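Colleague: Now for the letters of each chain:
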Amino acid sequence: MEAIKARGLTKIFGDLVAVDHIDLDIPSGVVFGLLGPNGAGKTTTFRMIYGVLRPTEGRVWVYGHDVSKEPVKAKNLIGVLPEDTGIYPRLTAEENLIYFGKLHGMPETELKRKIEEYLSILELEEKRDFIAEKLSKGQRKKVAFIRAILHDPPILLLDEPTSSVDVVSARDIRNMIKDYAKKGNTVVLASHNMLEVEQLCDIVSIMHRGKIIHTGSIDEIKRLEGVKELEDVFVRLVRAEVF
Amino acid sequence: MLWRWRGSSGKVKLTKALGQIGYGIDNKILLVAWKELTEALRDRRTILNVILLPMILMPISMALPLMLMAPGGAVQPITVMVVKDLPSISLIEERILPKAKINATVIYSDINATKWILENKADLVVLIPEGFYSNLSSSGSATAFIYYDPFSMKSEMAMTQLQLVFGELSKEEIEKRLKEVNLSPEFARPIQIVGKEVSKVEATPAAIIGAMILPMMVGILAVTGAGTFALDMIAGERERKTIEALLTAPITKLKLLVGKYVTMLVLSILSGASMLISFLLASFLMVNYAIAPSFPSTLPSGEIMNVSFSLMPSGLNPLLFLLSLAFAIVLAGLTGDALIVVGSSFAKSFKEAQQYTGVVTAGFIIPLISVVYLPPRLFWPFRMLPITSIALLVRDVMVNPGDKAAIMTSSAASILYLVLFLLLSAKLFGREAVVFD
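Just so you know, the protein sequences line up as chains E and Y, in that order. So the first sequence is numbered by the working numbering: it starts at 54 and just counts up by one. So the second sequence is numbered by the working numbering: it starts at 19 and just counts up by one.
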């Protein structure tokens, strides 16, 4: 069974067709990259998958659960890192994690253990009692990343996980993504960072103006587009957008 | 920059234990409430708007000025008695000053009274002209002049007290003169007016203040109670972009909203309790230290002045009164919060939400304020208006406890509006068009 399946997924905002009848088949246990220039429809697609936007047309299933009809079941299977971290500024790093862990129904002992473990891995132990607004951007992103994986979801949706993050924090987060995928989990990644995508993703889909124009392994896409670097495909799309 | 209970580094100290409670909460609604309360208590606006401000505002704004100016207070009226009539000295010192309960400086030389008042050397000047005593003792008419400033509260207070005392002296003199010619005191009182209080409860001074102020305060609580937090919990969440991550969690929007309402209710009750304590304190201070000392112990009629300090009208069951008040506070808090959630559901930022809700709540506050000036027979349509119905419910319980129909109408209308606004807020909360546009 696919981790995520979408058929005819469409989202229209007024006159704007943000996502235009896309189909997705994301197998279980892969790192899947959703690429595209700004405004391609990546974030809107993500939002429909994790159930905060209702599709205008089409459906999405998460391990067979229709996101529109069984949102709570689907959301239990997903961990999300949105583009804006969504960290509560007046809660501490630890309290942010407690809140989401408990919302996912984690028992106290397991939650405490996981928070200790992840804070230690991402070197945030000393910052656990700090109000989130006093943390650096990179530290907040790390906390948001822990929040996404805390309940051990089989699917992880990461929207620009390393954007606006310092080099060291970005590397820490990438290593965590790799480790998480190694455990057999599915990771879906939206990113502008082509090096990151090449480093992490098994399969990628390229979105352009709300449609998916290519899906395949990175090598397949490079071959199809006749380029050496994935970045060249991206640049070609962006230029087409400008001119 | 908001002030919060934390060290300068941002490390949480005082409220750390509150955060740790979250580990033990398994109910999702309570979990949302815990998170909202933790955030709210770290915001200085909570302490200031919900607890401290209502608690200190009323005693300071209402009771303190009166207390300071009352007899024995720190800023009593500066009263000067200019006695140009030496034979009147004993009369002034023995029969006027002790009863007037004012500290007056008695001087025997002539002064320009108008100038003294305009130059703030005195708040009030009493001039006892030559011949005052001889006119009085020879059955003539003695005239005293009181110079005062009608725009000064201190001057007005001193004037009221002196009028009462001189009135009493005048009455004693009439009775003495009538006795000399063998006439009864009634001879000089061809018409007597006797006021008969007609109210279903005993109208003590504190209860009268309470019936005037308390209903309006409970109504206003709908907007001032947890209003700031209701705005922050809905529009603030959107503005800080935390709503998206929250909506990815496996919890229904309804549970999220209910959790937020639990916190709003807690904050409204805190605010209501603070308001009530403030009101009781202000009433106690006003009655004991401003009203009572300002009046002579005996009235001109010879009646002993009886100042009751009870806020609650006698004849009311105290438990029933407190329960009704608590019910009204909960109703007002939740109704106001629901209105704010509805208004905030159209706004993308805290500021925008403030503007929307300001317009909405103003529409409900105007009848609440105007109803005070209407005669009770016109209350009926107002009992069916949102928020005003809650204020009238409090008033009816206080001064009209026997009117079951009025109390039932106000209660039913208040509950109906609350349910309506709660349903509307549930329908509008987390609207996609506002959250993700």
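A few of these clues could be false.
Selected chain E positions facing chain Y (in silico; Cβ < 10 Å) [said to hold, decoys possible]:
#1 P135
#2 I140
#3 E148
#4 I151
#5 Y171
#6 L172
#7 A223
#8 A234
#9 K236
Honestly, the hints are just simulated from the structure, not real lab data. No experiment lies behind these values; they were computed from the predicted model shown. The beta carbon of each residue, even a glycine, is placed where N, CA and C say it ideally should be.
Colleague: For this structure, which hints from the list above don't hold up?
Modeller: 5, 6, 7, 8 and 9
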